[in-house]
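Colleague: The sequence shown maps to residues -2 to 170 in my numbering.
Simulated from the structure, these hints should not be mistaken for lab results. Think of the CB as a built atom: it goes at the ideal place given N, C-alpha and C, for glycine as much as any other residue. Be aware that a few hints might be false.
[Claimed, not checked] Below are the PhoX-like pairs computed for lysine-lysine, each with C-alpha atoms no more than 20 Å apart in a straight line:
#	residue 1	residue 2
1	LYS128	LYS33
2	LYS49	LYS140
3	LYS140	LYS167
[As the list claims (entries may be wrong)] Per label pair, the in silico range of CB-to-CB distance:
#	residue 1	residue 2	range
4	LYS49	GLN69	38 to 46 Å
5	GLY93	THR121	13 to 21 Å
6	ALA118	GLN69	23 to 31 Å
7	LYS106	ILE57	16 to 24 Å
8	ASN83	ILE57	15 to 23 Å
9	SER126	ASP56	22 to 30 Å
10	LEU135	THR84	18 to 26 Å
11	CYS59	HIS152	30 to 38 Å
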Amino acid sequence: MFARIHHCLRLPVLGGHIGARRALTTGVPKDSAVWKLGHLNHVAIAVPDITKASLFWRDIMCAEKVSECVAQPDHGVYTVFVELGNTKIELLHPYGDKSPIAGFLTKNKSGGIHHICINVADITTALASLKTSGVRALSEEPKIGAHGLPVVFLHPKDCGGVLVELEEHKGKE
């Protein structure tokens, strides 16, 4: 049965098809000097009530570390980080009239997953490589994000419908 599925999952690539096992590889060796993805930094959830959401994660889900609510005026959001050990959840709530989260909540009244954030060791190299592959960034240059580190968002239309944030962590993924 798996052999049949394998043959059905062939994906087009330059010059032909590759099998499902290699469908997500670029042909660049994993130890090359080019950039690579690191671990999942956080999943961001837009919430209509950040206090209620914070209490849910602290009191109902029993998260041990839930940060205070912090205003991020440069990004148009309030943030709360829920530490999960191997990653984080970032709760986002609109700050000001031009908040990107306000528009999301207009379409999704109950809130929902807004984006995922993945660490990279060198955001400039990653961004240049992605641009040559046709992946658009939402800004020309990385900006300083909520953690005080360079970040860039990638267009969801180029990332399978997912808004992806890359965050630089020099020397580690």
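Colleague: Decide, hint by hint, whether the structure agrees.
Modeller: Each hint, compared with the structure:
For the hint pairing LYS128 with LYS33, the CA-to-CA distance comes to about 15 Å; that is within 20 Å, so the pair holds. Distance check on the hinted pair: LYS49 and LYS140 sit about 29 Å apart at the alpha-carbon level, beyond 20 Å; violated. A distance of roughly 15 Å separates the Cα atoms of LYS140 and LYS167; the hinted pair therefore holds under the 20 Å criterion. Range check, LYS49 to GLN69: about 19 Å between beta-carbon atoms, so the 38 to 46 Å window is missed.
Distance hint check for GLY93 and THR121: the Cβ-Cβ separation is about 29 Å, which falls outside the suggested range of 13 to 21 Å. Judged by the Cβ atoms, the range 23 to 31 Å given for ALA118 and GLN69 holds: they are separated by roughly 24 Å. The beta-carbon spacing between LYS106 and ILE57, approximately 21 Å, falls within the hinted interval of 16 to 24 Å. Range check, ASN83 to ILE57: Cβ separation about 21 Å, and the 15 to 23 Å hint holds.
Between SER126 and ASP56 the beta carbon distance is about 43 Å. The supplied range of 22 to 30 Å is therefore violated. Taking the beta carbon of each, LEU135 and THR84 are about 22 Å apart, inside 18 to 26 Å as hinted. Separation of CYS59 from HIS152 is about 36 Å and conforms to the stated range, judged on CB atoms against 30 to 38 Å.
Going through the hint list in order, the structure does not satisfy hints 2, 4, 5 and 9.
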